[in-house]
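**Student:** Please dock the two separately framed chains into a single complex, following the hints provided.
So the sequence lines, in the order shown, correspond to chains A and B. Every position in the first sequence, counted from 1, becomes a number in the working numbering once 884 is added. Every position in the second sequence, counted from 1, becomes a number in the working numbering once 24 is added.
Derived from the structure by calculation, the hints contain no laboratory data. Ideal placement from N, C-alpha and C gives every residue a C-beta, glycine not left out. Check each hint, because a few of them may be wrong.
Now the in silico label distances, taken between C-beta atoms and shown as ranges [stated by the list, open to error]:
id, chain 1, residue 1, chain 2, residue 2, range
1, B, E167, A, M885, 25 to 35 Å
2, B, K87, A, L970, 24 to 34 Å
3, B, E167, A, L983, 43 to 53 Å
4, B, P49, A, E979, 56 to 66 Å
5, A, G940, B, K232, 33 to 43 Å
6, A, L983, B, E210, 23 to 33 Å
7, B, K87, A, D1010, 19 to 29 Å
8, A, G896, B, H186, 52 to 62 Å
9, A, D1017, B, R67, 23 to 33 Å
Some chain A residues well away from chain B (every beta-carbon gap over 12 Å; in silico) [claimed, not checked]:
id, residue
10, T966
11, H971
12, E975
Listed below are the simulated DSS-like cross-link pairs for lysine-lysine, each with C-alpha atoms no more than 27 Å apart in a straight line [to be verified]:
id, chain 1, residue 1, chain 2, residue 2
13, B, K112, B, K52
14, B, K232, A, K980
15, B, K232, A, K1001
16, B, K201, B, K87
17, A, K893, A, K1001
18, B, K36, B, K112
19, A, K893, B, K87
20, B, K112, B, K232
21, B, K201, B, K112
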Amino acid sequence: MSTHSITLKVNGEEHTREVEARLLLVHLIREELELTGTHIGCDTTSCGACTILLNGRPVKSCTMFAVQASGAEIASVEGLATNGNLHPIQEGFTEKHGLQCGYCTPGMMMTTVALLKDNPNPNEEDIRWGVAD
Amino acid sequence: MIPASFDYTCPKTVAEAVSLLGQNPEAKILAGGHSLIPMMRFRMATPAMLVDINQLEGLSYIKEEGDWLEIGAMTRESELDRSELVRKSYSLLADTTRVIADPLVRNLATVGGNIAHADPANDHPATMLAYGAEVTATGPDGERSIPIGDFFLDAFTTSLSHDEILTAIRIPRAVEKSGGAYFKLERKVGDYATVAVAAQLVLNGDGKIASAGIGLTNVGLTPIKATAAEEALTGKVLDDASIKEAARLASEVAEPIEDQRGSEEYKRHLVRTFTSRALRKAQERAEGGGV
Ligand SMILES: Cc1cc2nc3c(=O)[nH]c(=O)nc-3n(C[C@H](O)[C@H](O)[C@H](O)COP(=O)(O)OP(=O)(O)OC[C@H]3O[C@@H](n4cnc5c(N)ncnc54)[C@H](O)[C@@H]3O)c2cc1C
Ligand code: FES
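Chain B on its own, in the form it takes in the complex (with noise of 0.2 Å):
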């Protein structure tokens, strides 16, 4: 189908991006184009302008700096598939990229799509929760720090303003002892999430947990963070039944509905399962166990 007219503009500097959104109320970010295409064809998005950000100089690398890993919002999502650094020491990203879409996506999708778009069926924004990530995010008055807990407000509603481009995402650098997994289920191959879950740990010299992330995709208007589930790791050693209880505690914090992909049972009970696994995979890497 035919998307309905809108101008296209294609600035050249984030300042005139920004410049070009603050006038124009109507107007849309336009960047791998992979969600929001398909949405102006079946004209459910309907912007009156279009500000491409493929354009910008900058906007795309990865990088260690400081205490952080981080990533030009116009990574693509090839792009991290195929970094080295991303694999050998982000394996919760690395595992996240991999089962997004499918190749010819990933070679225009951006993370800083996936994670901005905030649909909840979106792979990013729960591994970037268990990360505990921070997004930056460029506006009329520069640059500012968002972590990603404050940052998913609602279905497709971020704390984003309609003149802020979100510019990099962050997350915390990798440290020795440290390994994660995403465990996604999905109907065939390219589909959405039916339940994903991303867990990340950081293990103490005594093999205690130090610190545990874990985020759940597809199981609410949100992704969400399993706060008690994490809670209830942390100081712990990770066995059967430190795991059992926080596959439960992640299950009960999940909302899934039924739809076509599954009952809200199968749901909570795909969230019990892969939470168990997704933390025996993470624990497996953190002790050096192999990718």
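The shape of chain A in the complex, shown without the other chains (with noise of 0.2 Å):
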């Protein structure tokens, strides 16, 4: 069992830890970092809630190990909203309800987040295909 020293940033702000090898990301971002927007929804990297962004590409922090992020730059959804004001994504699923029971909601406005930067004029079809297809 090797532990390691890794160093990333999230949100914008520079973290060092030592860490086991098995300590997966979204366990260090929830529980090290008290970073709880990030959820845990499944056992099987289905549901998307522990979404975050890697260099820029979203993936599911539970099937990642922390010490793979090392040297990385990570953004979770409290990284969303800049001086008190929600981010237009925030903000346009506050206004559409653009949710169910809502605990997937950070890992969807994460991914949302990652589809308008790469496209912001999507259609319907790129919409569907960019979030769950």
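**Tutor:** Here it is in structure tokens:
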């Protein structure tokens, strides 16, 4: 069992931690960095509640070890709002009530942010494809 | 759930990775992690060591060279999906990538991992059988090439030895009048195949079939190459009769078992239907009728 010293940037802030190899990235984010907006909804890499941006790309943080993210830049839902102002995606989700129970909403928002960065004018097909298909 | 403890290593060169594998019989390669980490979370896999190959240089590329399209093992599904070259000239591969898992999984899942994992439900293996691909394996004695037909030995078992890394996969370079298609039934988006069929056709100048490749996903312990169907098509024109016969032969060679995704009979029926559809689409594409 190995432990590793890792340094990574989360929402622009640098963190260094000593981690066990088996620590999943989502557990680092939630339990060590106490950013609990990133959720855990399943055990099978299916739901996407744990989605974060890893160097700008949306990935499931439950299916990666924290040690693998050493040197990476991570964005989680907490980083969306700036100076107390909601991000346009957060505004949009609120305005259109873009959620059902809300549990996976942080992941849906991170995925949407990445989708719009790649493609600022998606049609319905692009959205379906980018979010789930 | 939390995986069992292990030692983590992150070599910088292929040689170093090969030597770590050689020294540690209980070690496993970690690529995109999207098959291995879920298995470790369920403790269906408890490797004593992981050899992370994500930092190895030069294993992520898509290029045409000589008679081949060569794809580096660490190429992510999302990179295949975005590749103009793949979309333009390798429609079977483009179809396949797009139906693997979901966009988030595709951002990390690798083509090398998909093949090396040898899960009968994985989608690339049947496609590679239809293409007649070759795997490049790198071990302590250097590189060797393995024809895809010799690669899958059993469920989750390949002809790679413990200290070999799948470093690339090569597909015969697209020629004029060639095209393919992948048809997959999934219960919901992101699911593994109930059944899927890969077909690749090369046509002669006179419109007859110069060669046909057909691979079947998730209807046996390994992906299945429908050799009899391929042979029956060679030299023929693709019409209702030859399609019907090929579809029948493909469904005969399938070895589906009843499970939560359906009965044996249902799956054989799907093989027949999808073989027909995939062949028609492949023909349309080979004739230049659009992607
Ligand atoms: C929710 C979900 C849905 C999915 N749906 C599909 C689907 O519909 N179709 C599909 O095909 N797949 C699907 N997958 C699987 C996914 O495509 C995997 O990523 C893929 O099977 C393995 O690739 P990987 O890079 O993640 O490999 P890893 O998980 O890192 O490795 C898998 C295995 O292969 C070995 N390995 C990996 N790379 C190499 C290499 N270069 N050389 C030698 N050995 C190697 C590892 O040691 C391990 O044993 C799904 C996965 C998830 C989580
Ligand atoms: S927690 Fe469900 S995909 Fe990560």
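**Student:** For each hint given before, does the structure comply? Return the numbers of the non-compliant ones in rising order.
**Tutor:** Structure breaks hints 2, 5, 8, 13, 14, 15, 18, 19.
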